[in-house]
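Engineer: These are the residues of each chain, in order.
There are 2 protein chains.
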Amino acid sequence: MKVLLGVSNRHVHLTEEDYKILFRDEPLGKVKDLVQPGQFASDKKVSLKTEKRTIDGVRLLGPLRKYTQVEISKTDSFALGVDPPVRNSGDLDGSSKITIVGPYGEVTKECCIIANRHLHINREERERLNLVGVDKVTAIVEGEKKTIFENVFIKEDPSFTLELHIDTDDGNGSLAKTGDEIEIIIP
Amino acid sequence: MKVLLGVSNRHVHLTEEDYKILFRDEPLGKVKDLVQPGQFASDKKVSLKTEKRTIDGVRLLGPLRKYTQVEISKTDSFALGVDPPVRNSGDLDGSSKITIVGPYGEVTKECCIIANRHLHINREERERLNLVGVDKVTAIVEGEKKTIFENVFIKEDPSFTLELHIDTDDGNGSLAKTGDEIEIIIP
Numbered sequence: 002m003k004v005l006l007g008v009s010n011r012h013v014h015l016t017e018e019d020y021k022i023l024f025r026d027e028p029l030g031k032v033k034d035l036v037q038p039g040q041f042a043s044d045k046k047v048s049l050k051t052e053k054r055t056i057d058g059v060r061l062l063g064p065l066r067k068y069t070q071v072e073i074s075k076t077d078s079f080a081l082g083v084d085p086p087v088r089n090s091g092d093l094d095g096s097s098k099i100t101i102v103g104p105y106g107e108v109t110k111e112c113c114i115i116a117n118r119h120l121h122i123n124r125e126e127r128e129r130l131n132l133v134g135v136d137k138v139t140a141i142v143e144g145e146k147k148t149i150f151e152n153v154f155i156k157e158d159p160s161f162t163l164e165l166h167i168d169t170d171d172g173n174g175s176l177a178k179t180g181d182e183i184e185i186i187i188p
Numbered sequence: 002m003k004v005l006l007g008v009s010n011r012h013v014h015l016t017e018e019d020y021k022i023l024f025r026d027e028p029l030g031k032v033k034d035l036v037q038p039g040q041f042a043s044d045k046k047v048s049l050k051t052e053k054r055t056i057d058g059v060r061l062l063g064p065l066r067k068y069t070q071v072e073i074s075k076t077d078s079f080a081l082g083v084d085p086p087v088r089n090s091g092d093l094d095g096s097s098k099i100t101i102v103g104p105y106g107e108v109t110k111e112c113c114i115i116a117n118r119h120l121h122i123n124r125e126e127r128e129r130l131n132l133v134g135v136d137k138v139t140a141i142v143e144g145e146k147k148t149i150f151e152n153v154f155i156k157e158d159p160s161f162t163l164e165l166h167i168d169t170d171d172g173n174g175s176l177a178k179t180g181d182e183i184e185i186i187i188p
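Just so you know, the protein sequences line up as chains A and B, in that order. If you're matching positions, the first sequence starts at 2 in this note's numbering and goes up one per residue. If you're matching positions, the second sequence starts at 2 in this note's numbering and goes up one per residue.
Hints are computed from structural coordinates only; laboratory data are not their basis. As the structure is a prediction and not an experimental result, all values here were calculated from the model. Careful, some of the hints might be misleading.
Given that identical chains are not distinguished, each listed pair holds provided it fits within a single copy or across any two copies.
Straight-line distance between alpha carbons at most 20 Å, and here's what the computed EDC-like set of lysine to aspartate or glutamate pairs gives [to be verified]:
hint, residue 1, residue 2
1, Lys-147, Asp-84
2, Lys-3, Glu-164
3, Lys-156, Glu-128
4, Lys-98, Glu-18
5, Lys-147, Asp-136
6, Lys-53, Glu-157
7, Lys-178, Glu-151
8, Lys-178, Asp-84
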């Protein structure tokens, strides 16, 4: 079946505690709703700092979470000189140390990952699409640089709507972009 | 069969005429031989300039060629604000206009492409591997972000040695790196 694609650029999630260190009592505003219900691009940006380099203008996504997490691409990791593991969101075991810089302070912690390719889905959709008991699917991007992505992890939550997420390396390599309709198959 | 992988970062090829505009009579030195016989990373770097941005430190590959060509990734194209076509090397039809800046001058021309995935091969190897009459193959990168690359164009020349070339978007997306041994199949 075809699903909607979202290509994720580098971004940051923050706990309330870390938000207060970086932005004090500034309110967390919304620039744009994301496809996943309740999730939004906030009006706040941070810098990512390592010993090697700083990347400015990295978007904070809302709402605040129970964990602070930096999601970057492999390309970003070479620029920053870090070697983060490929992980599901929230699984920060062995993640890379990085400094997140805001206008009022900074936070340094092991919280940097490369996100797994994943498919957001709720239980109803999962049953409808015969994906109960299936952990991973395959995504096929057609075109001049046709690419087949394996190891697309299924992420189920009652709040989710059906959407495939890949990062900018995968998106740019295959010439896929946010809003494309992508074929998903069970491997 | 398995072949050696080379992941190509953004780079530039120059004609003798354009080289003289950028570097005058400075000799073209060699930093490192590439895998393809006779090809080398030169000791010269240029900047790539568009209305939107400049990327510095882009390597000139040698020797000089019959055409001037800039090869970038899709990720680079967003940074530079250009929309180059995916092309075989030397096919500059419809390529994007870009300015190449050297220490003594600059050259602006339509010469910017995103290179097709391709497999360098000579006639002997092509016969040995049953690839005569085959135009395109498929490359499979195993691992955590297993990826299958279609539309890998076969590039035959007597001077070539067997080597798969992909760009940094494809390499970083699949976590593949120069020197890896990659499985090639006939689609």
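Engineer: Run every hint past the structure and note whether it holds.
Structural biologist: Results for each hint:
1. Lys-147 x Asp-84: Result: close only across copies, 18 Å inter versus 28 Å intra.
2. Lys-3 x Glu-164: within (10 Å within a copy, 35 Å between copies)
3. Lys-156 x Glu-128: within (14 Å within a copy, 46 Å between copies)
4. Lys-98 x Glu-18: within (18 Å within a copy, 48 Å between copies)
5. Lys-147 x Asp-136: Answer is between: at 15 Å across copies they meet the 20 Å cutoff, but 24 Å inside does not.
6. Lys-53 x Glu-157: neither (37 Å within a copy, 40 Å between copies)
7. Lys-178 x Glu-151: Both: 18 Å inside a copy, 18 Å across copies.
8. Lys-178 x Asp-84: between (26 Å within a copy, 14 Å between copies)
In summary, the structure is inconsistent with hint 6 from the numbered list given earlier, while agreeing with all the others.
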